[in-house]
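*Asks:* Sequence:
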Amino acid sequence: MKTGIILLLVLHIRPVRGEENLLVTLNTVHARPLALGGAFVTFEDDLAALAYNPAGFNPGPAGKSGLSWFLNPLGPVLCILQSDRFSDSSVPVTLSLVGAGYTAGRVRLGLILGEESLTETARLQRSRFFDLRDYEVHRNTAVGFSIALAPKVSIGAAVEWYIRDGGWRRARFGHRYGIIVRPRTNIAVGLCYLDMPEGAGKERLSLDRFPDETLNIGVSFSPWTWVTIAADVRNVSDEGRQKGVEPHAGLEIRIIDGLNLRGGFYKLFGDVEQGVSVGFGIPDVLTLLIGRRENFNWRIKFEAAAICQKVDTGGRKWILTSLQWMI
1 MKTGIILLLV
11 LHIRPVRGEE
21 NLLVTLNTVH
31 ARPLALGGAF
41 VTFEDDLAAL
51 AYNPAGFNPG
61 PAGKSGLSWF
71 LNPLGPVLCI
81 LQSDRFSDSS
91 VPVTLSLVGA
101 GYTAGRVRLG
111 LILGEESLTE
121 TARLQRSRFF
131 DLRDYEVHRN
141 TAVGFSIALA
151 PKVSIGAAVE
161 WYIRDGGWRR
171 ARFGHRYGII
181 VRPRTNIAVG
191 LCYLDMPEGA
201 GKERLSLDRF
211 PDETLNIGVS
221 FSPWTWVTIA
231 ADVRNVSDEG
241 RQKGVEPHAG
251 LEIRIIDGLN
261 LRGGFYKLFG
271 DVEQGVSVGF
281 GIPDVLTLLI
291 GRRENFNWRI
301 KFEAAAICQK
311 VDTGGRKWIL
321 TSLQWMI
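Here the working numbering is used: the first residue of the sequence shown is 1, the next is one more, and so on.
Bear in mind the hints are in silico, worked out from the structure with no lab data behind them.
For clarity, every value in this text was computed on a predicted model and none was experimentally measured.
You can trust all of the hints, since none of them are fake.
Listed next, the in silico DSSO-like pairs over lysine-lysine satisfying Cα-Cα at most 30 Å (straight line):
#1 K152 with K301
#2 K301 with K317
#3 K267 with K310
#4 K267 with K202
#5 K267 with K317
#6 K317 with K202
#7 K310 with K202
Based on the sequences and whatever the hints tell you, model everything.
*Replies:* Right, here's the structure in full:
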């Protein structure tokens, strides 16, 4: 059964001090992972997993097969109102069609289309709500897959290309791949490796804390069905010549059926860099408000995250909100 998903995710960024501009960008996948402190290597999710460890990518509910679309209804409106902000004809497409997923048995294919970069360069050029300035030269697109080799083992990989000043024809490519093993139903262990294109080694460093050319490991444990504790370690390999290992920890608690609370923390050993995060998620707003509905395919999901970072230059605060409508 084909499923359409309308997804709107707004990333609202306000630095801690010394900055008067209101910095906002459109995004697709980061609210839940960052609410967990970035400890997301072992989690199963839709586009969020495709952007972190592709082995956990699952575009639809368990047992469902078919095609899922992730659409941004705000995209066409922004393109009409700010047509002077871009010249590339692909911008309306990448703003409106955020991504897609297809499930066929044990194989899952996924696409993240034109996700806006979260690097310092992209963020600091924004001065008002929903400003499309420079979006066309700060876009990332990823294609990936996951395969359930066995009930307890899954692998995945993704290729990502970065569109900058040179446009699509001069895009640079990176890749990531990983594995998740579930030795028990409540325990998962994961590995993922990321390789950024030359010149884009800090692309995922600012918020996700993924250095270039490093192996990252993670483990998650659910002592009860309503609690998940996760821990990741960045920079396990030294290929990227990073400063040191960086532990991440996250906690997700299902308070009631339809409301999840999250928190997380990370610390870069040997440096002042550290961060703390909190957030919540409502997997289905309608279920929370009116209860479960039989033979009703709509699902509205809302997620939010707040991150405080301490870095060499001072501090940063980030607020992310996510709204998804599945039909």
